[in-house]
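Undergrad: What follows is each chain in one-letter form.
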Amino acid sequence: MTECPECGRAIEKKDFIEGEIFPCPDCGLELEVTVLEPFQVDAAPREAEDWGE
Amino acid sequence: MSETFTLGLFYTVIRPEEKWILAAAEERQIRVERLHDEAVTFPLVRNGFEADLVLNRSVSHSRSLYALRFFEHYGVPTVNRYEVVALCGDKVLASLRLEEAGVPTPRTVVALTPEAALKALDEIGYPAVLKPPIGSWGRLMAKVDDPEEAEQIIEHKSALGSPNHSIFYVQEYVAKPERDLRVLVVGDEIVAAMYRHSKDWRTNAARGAVSEAMSPTPEMRELVLRAAAAVGGGVLAVDLMESPEGLVVHEVNPTPEFRALTAATGIDVAGKVVDYVAEIATR
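Protein sequence lines, in the order shown, are assigned to chains U and A. Numbering follows the working numbering, in which position 7 of the first sequence is assigned residue number 7; successive positions increment by one, without gaps. Numbering follows the working numbering, in which position 194 of the second sequence is assigned residue number 194; successive positions increment by one, without gaps.
Note that these hints are calculated values from the structure, not bench results. Be aware that one or more of the hints could be misleading.
[Said to hold, decoys possible] Computed footprint of chain U on chain A, listed as stretches where at least three residues anywhere in the stretch have a Cβ under 8 Å from a Cβ of chain U:
| # | segment |
| --- | --- |
| 1 | 7-16 |
| 2 | 55-61 |
| 3 | 97-106 |
[Unchecked claim] As a list, the in silico DMTMM-like pairs of lysine to aspartate or glutamate whose alpha-carbon atoms are at most 20 Å apart:
| # | chain 1 | residue 1 | chain 2 | residue 2 |
| --- | --- | --- | --- | --- |
| 4 | A | K19 | U | D15 |
| 5 | A | K176 | A | E148 |
| 6 | A | K199 | A | E151 |
| 7 | A | K199 | A | E212 |
| 8 | U | K14 | U | E30 |
| 9 | A | K131 | U | E49 |
| 10 | A | K131 | U | E30 |
| 11 | A | K199 | A | D145 |
| 12 | U | K14 | U | E37 |
| 13 | A | K143 | A | E115 |
| 14 | A | K131 | A | D188 |
| 15 | A | K131 | A | E212 |
| 16 | A | K19 | U | E37 |
| 17 | A | K19 | U | E30 |
| 18 | A | K19 | A | D275 |
| 19 | U | K13 | U | E32 |
| 20 | A | K19 | U | D42 |
| 21 | A | K143 | A | D122 |
| 22 | A | K199 | A | E219 |
| 23 | A | K272 | A | D188 |
| 24 | A | K131 | U | D50 |
| 25 | A | K119 | A | D145 |
| 26 | A | K19 | U | E18 |
| 27 | U | K13 | U | D42 |
| 28 | A | K19 | U | E32 |
| 29 | A | K176 | A | E115 |
| 30 | A | K143 | A | D200 |
| 31 | A | K19 | U | E12 |
| 32 | A | K143 | A | E242 |
| 33 | A | K272 | A | D52 |
[To be verified] Partial list, derived from the structure: chain U residues whose beta carbon lies under 7 Å from chain A:
| # | residue |
| --- | --- |
| 34 | D15 |
| 35 | E20 |
| 36 | G28 |
| 37 | G52 |
| 38 | E53 |
Given the structure is predicted, the values throughout are model-derived calculations rather than measurements. We put the CB at the ideal spot given by N, CA and C, even for glycine.
Produce the complete structure using the sequences and hints provided.
TA: Here it is in structure tokens:
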């Protein structure tokens, strides 16, 4: 268990993999799983100008 | 199926697409080496990684270009190839190639200064679309309705100070139905296709377009495969519009997202991509 760095909402580990991004269920901030053990999340990298598909 | 190679996954973040690719590789017992574009370093002599083939899933055009060139330098095949990404990632180069290959594409004029951009808009006629040469997800694109609006938009773009916004890619505004088409090509195969419905003139899934599965007509298939071949082939999303004069290809995406396409069609796009990569690696 960890928490959203923006709103403090508790985030459960579930079946995430390292590097996975997902929105915080409360505030919607895009989060990235930075470490699995111990489970940590941070704000996902911000979209840069040359990002795309 | 058991493969004897290591797949390098070069990525920025793990989105559903990358998660599905990892799962598809695991199902096929393919070893995966994760290469995070924020962490990998590239010496001039290959060192420190095992991958026999690299699948590029980085969302950064600049990082992709340098990394793919390094992998090529190390003798490691990549999907897609450096040349394909360099070409498709730059709208100017992509338009030139499509035109050279006789693939119908919207009328386009490129200008290198703000003054010339106004001229280019006059040549195309209003309304027109102004796009940054590099960039995606419909970001910083503008529909320009008249010269007054053009002056304001060009002034704003110039103020951004980025070289990318100092080159002006001006395209005709295509009066299409409220949808465009996305067709995903893997090698020589069309694996899935969908309409993207939107009332916004930009029909990007990233902008909330609604997806609907569709079966491409023979004419569409021929055009899509011709566009994919023109840019060098690989794993590509070809975007088309139904213009009053017929189908036009407006974009070929070299690192396609396929979340919406998978949801709309139920097709295992990630599995197709991994099978293609495995075929190349074991060729």
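Undergrad: Which of the numbered hints above does this structure break?
TA: 3, 5, 6, 10, 14, 15, 22, 29, 34, 36
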